[in-house]
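Protein chains in written order, with my numbering: chain R, 1 to 220; chain L, 1 to 220.
Everything labelled a hint here was simulated from the structure, so no lab data went into it.
You may find that some hints are simply not true.
Pairs involving identical chains hold if they fit within one copy or between any two copies, as the list cannot separate such chains.
[Claimed, not checked] Taking lysine-lysine pairs in the BS3-like style, the calculated list, with each CA pair at most 30 Å apart, reads: (1) Lys72 - Lys126; (2) Lys171 - Lys126; (3) Lys72 - Lys171.
Number of protein chains: 2
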Amino acid sequence: MSSDARGVRHRVRRHPERGHYDVDSIDAILDEALVCHLGVVIRGEPWVLPTIHARVGDQVYVHGAVAAASLKAMASPAVCCLTVTLVDGLVLARSAFNHSLNYRSVVVRGFGTLVSDPVEKLMALKALVEHVAPGRWEDARPPSPLELRATQMVRLPLAGAIAKMRTGPVKDDVEDLGWPHWAGVLPLQVTAGAVEPDSQMANPTAPTPEYLANYVRARR
Amino acid sequence: MSSDARGVRHRVRRHPERGHYDVDSIDAILDEALVCHLGVVIRGEPWVLPTIHARVGDQVYVHGAVAAASLKAMASPAVCCLTVTLVDGLVLARSAFNHSLNYRSVVVRGFGTLVSDPVEKLMALKALVEHVAPGRWEDARPPSPLELRATQMVRLPLAGAIAKMRTGPVKDDVEDLGWPHWAGVLPLQVTAGAVEPDSQMANPTAPTPEYLANYVRARR
Chain R
1 MSSDARGVRH
11 RVRRHPERGH
21 YDVDSIDAIL
31 DEALVCHLGV
41 VIRGEPWVLP
51 TIHARVGDQV
61 YVHGAVAAAS
71 LKAMASPAVC
81 CLTVTLVDGL
91 VLARSAFNHS
101 LNYRSVVVRG
111 FGTLVSDPVE
121 KLMALKALVE
131 HVAPGRWEDA
141 RPPSPLELRA
151 TQMVRLPLAG
161 AIAKMRTGPV
171 KDDVEDLGWP
181 HWAGVLPLQV
191 TAGAVEPDSQ
201 MANPTAPTPE
211 YLANYVRARR
Chain L
1 MSSDARGVRH
11 RVRRHPERGH
21 YDVDSIDAIL
31 DEALVCHLGV
41 VIRGEPWVLP
51 TIHARVGDQV
61 YVHGAVAAAS
71 LKAMASPAVC
81 CLTVTLVDGL
91 VLARSAFNHS
101 LNYRSVVVRG
111 FGTLVSDPVE
121 KLMALKALVE
131 HVAPGRWEDA
141 RPPSPLELRA
151 TQMVRLPLAG
161 AIAKMRTGPV
171 KDDVEDLGWP
181 HWAGVLPLQV
191 TAGAVEPDSQ
201 MANPTAPTPE
211 YLANYVRARR
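Required output: the full structure, derived from the provided sequences and hints.
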């Protein structure tokens, strides 16, 4: 365990060599992942819902409508679980059994807190927009007081977050190396297509913002 | 609700126009998504873990090590939740409030069942490999009896699965249309890079399999 870990509550049991507990690994994965999957328990049953997140220091924020049951459950005095996963490639071994994926994931478990301070809420909304497209906040109309009130924001501390990742080549059993099949890794990534400008732009010749022209998901 | 729905237990409440309940929509999303996020409750607390899935007809299968606690919980007499999400694009509105993502997601909730029949287990393992790379099963050494015994397989019925998706352009409030900022959609997709053949291939000149040369995630 790296000395700069935030404090670890649990460890990776399957493939312990894939576990990472340092702040840099965890933050990089959270920042690169566009969406997370939020898990809460409602009336004893699990719900897993995708949503946008944004990390600010040692906290991660998610938002939604005021009525959203998943956020209410997240901010209740019960543990929730926020997971992000980046798929980096297919690992095609000689044996079906040793097929795998290269991936990087982070699991955050803890207690969510409803954000009631409007200053923190606005800061977190900015972080959410900047998480999606860094630079966009300055190009958008800021939230109105009504919109702020219609937004529920929940903060989850990153204490105890853990990362798990698989990287590198195929790992076949030695006795399988003689099989004639092609084996190797197919890298995968998220790429952006051509922008689709809105048909009603007030300034139809507005240039494509720089933060979209070369959009890549990578650590901020 | 389409007449060919499998039977709906719950409906999309936020943005009900985004809810889809027909088999074709649900199956297409499950098949295109490379990984799912599995949510289970263990000792009252939620865990959300990424894993590969494969749909076979009206069932979805996930697998793991025999000791995997998440799969044991999935196969226990308690509801679990399996969610997949495809992110199709950034929706950059004039107002921060109307920023969104284009996405397609499926939420499956129900009771998992441990697969004990070795014939069904082998069929599901083949489906998992083919889910990742259709055509790959024929190019891999089949599982040995020992490997089969070391694998835990759980089946989850798709009855009650629901899809939620956002597609199309920016939706700004009419009073925001005069803002001068660029607005529009940035499409995103998963793309494959150049294959990385294993350095120890028995036949180093084995050609890249066709199913990798033009790899795209799309419905099978």
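Verification of the hints:
| no. | hint | verdict |
| --- | --- | --- |
| 1 | Lys72 - Lys126 | within (21 Å within a copy, 40 Å between copies) |
| 2 | Lys171 - Lys126 | between (43 Å within a copy, 19 Å between copies) |
| 3 | Lys72 - Lys171 | between (44 Å within a copy, 27 Å between copies) |
Comparing the model with each earlier hint shows no violations; every hint is respected.
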